[in-house]
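A.B. asks: Reminder that position 174 of the sequence shown reads as 177 in the numbering used here, one-by-one numbering, no gaps.
Because the hints were derived from the structure by calculation, they are not lab data. Warning: the hint list may mix true and false statements.
[Claimed, not checked] Between beta-carbon pairs, the in silico distance windows are:
#: 1; residue 1: Thr141; residue 2: His35; range: 52 to 62 Å
#: 2; residue 1: Val47; residue 2: Leu364; range: 25 to 35 Å
#: 3; residue 1: Ser33; residue 2: Gln252; range: 27 to 37 Å
#: 4; residue 1: Arg98; residue 2: Thr128; range: 18 to 28 Å
#: 5; residue 1: Asp235; residue 2: Asn60; range: 25 to 35 Å
#: 6; residue 1: Lys324; residue 2: Lys183; range: 41 to 51 Å
#: 7; residue 1: Leu337; residue 2: Ser36; range: 45 to 55 Å
#: 8; residue 1: Leu355; residue 2: Thr128; range: 29 to 39 Å
#: 9; residue 1: Leu364; residue 2: Asp168; range: 15 to 25 Å
[Claimed, not checked] Heads up, simulated SDA-like pairs for lysine to any residue below, C-alpha to C-alpha not over 20 Å straight-line:
#: 10; residue 1: Lys44; residue 2: Glu8
#: 11; residue 1: Lys183; residue 2: Met90
#: 12; residue 1: Lys63; residue 2: Arg52
#: 13; residue 1: Lys171; residue 2: Ser186
#: 14; residue 1: Lys171; residue 2: Gln155
#: 15; residue 1: Lys326; residue 2: Phe309
#: 16; residue 1: Lys360; residue 2: His165
#: 17; residue 1: Lys44; residue 2: Ala305
#: 18; residue 1: Lys360; residue 2: Leu350
From the three backbone atoms N, C-alpha and C, an ideal C-beta is built for every residue, glycine too.
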Amino acid sequence: MRQPEVTILLLCCRVYLQTSSISTLSTFISGHSIDWQVLYKLCVRHRIRPVVYAVLNRLKGIVPPEALQLFKAYCREFSVFAFDRKMVTEYIIDRLGQQGVTARFYKGMDFAQLVYGDIAMREFTDMDIIIPEDQVSTVVSVMQAEGYEMHQEQYFSSYPNHFKDHIKEVVFGKPCSRGKWLSFEFHYRPPETLTSAQYQFDQLLGRDYLTGVPFTHEDYYRLMLVNNGASDFYPHLRSLLDMALLYRQGPHKVPPELQGFEDLWMQLAAELLGVPAIAGRPVPGKTCQLLMKRLLQEPSPAENKFLQLAFIRLSFMTSLKAKYAVFIQYIGFLLRPNGEDIMSLRLPWFFLYYFTKPFRLTLGLFRRSR
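Could you put the whole structure together from the sequences, leaning on the hints where they help?
C.D. replies: What follows is the structure in C-alpha cells.
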C-alpha cells in the first residue's frame, strides 16, 4: 500500500496531465492525514515542485496555508533564478559567438518554454548548451576568462583526447550574486559512455542543430528518449512528465534502437500517471519492478547508484549476448582511469593509472563498508 503522500504526488501529476480530476485529488486529501513536509521532500526528489504547486494552489480551502507557503516560496525564488539564468546564458552565448564558437540553448529553459509553456514550470539547475566538439578548447578559454572554474580541469588539460572520448561535456561554475552556484554544462555529445544507444546530436536533431532553428517536439522527444531513458532509465517523475507532454504532440518518428526506451516510459506512465499510451512491445517485468521501486520508495543512504543502474540495464536486456555486452561494458568502465583517478594523483604517464585503479576501487569499497 502506498503512502498517502506518494498518492498525492501521483494524483497531482495526473491532474496536471488531465488524466485525473481535481475533485479526485480533493477527496483523497480530505480523507487522509497528510505529512506535508514529507510530500514537499518527495517533490524535491522528483523535481516537480512547480507542477505540484500549480495543482495544490487550486485547493486552498483544504491544503494548509503553511504547506502551500513551502511551495510558493520555492517557486517564487525559482522564477527569479530562471529569468536570471536566461540573461546570463544569453550573455555567455554572445561571448562565445564573438570568439567564433557556435553554441545554443537546449533542455532547461528552452525545453520548459516549449513543452511546459513557462520557463519556471520545470525545475532545472544547470544551464545546458550544445557546442561542436572541435570548439571545446575555445569554450574553456572563454569561460575561464569569465571567472568560471572548470570541473576536472587537470584531467582535461593533461589528457584532452581521453577526456573528450569518455566525457560528454565540459562543466564550469562559480558563485553568483544570489549566493548560489552558477553552473554551465557544454555538451558536444548527448549520451553517457555507458549508454547502449550511442548517438551524435546531428543524428537526433538533424544537421542544422546548431544553426538556431528552433527545436521541435519531435527533436526533443528523440533527445529525451536518450537522456531520460537510455542514459538514466527515467529516474524521477519529472522525466515521465517530460515524455508524456512531448508524446501528446506526436506522433514522432523513433529510431529502432530507442523503441524499447519508448515502450518503457509508456508502461511506467500508464501505470503511475494514467497516460493513455500503449507500449508497442512488453517491457521486461524485472526492469519495471526495479524502476517502480526506485520511483516510489525512498532510496537507502547506503545505496550504490552505479550498481543500481547496472542491475537495471542488465534486467532490460532480453538476450544473454546483450547482457554479456553490458557486463563487459561495465567492467571496462570500472577498470578504465577516469577524472577522479587523474585529479587525485599525478603520474608521469597515463598507462600507470591502470595499475593504480584497482587500489582506488578497493579503498573506496572499504570506506563505504565502514
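A.B. asks: Provide an ascending list of the numbers of those earlier hints which the structure does not satisfy.
C.D. replies: No numbers; nothing is violated.
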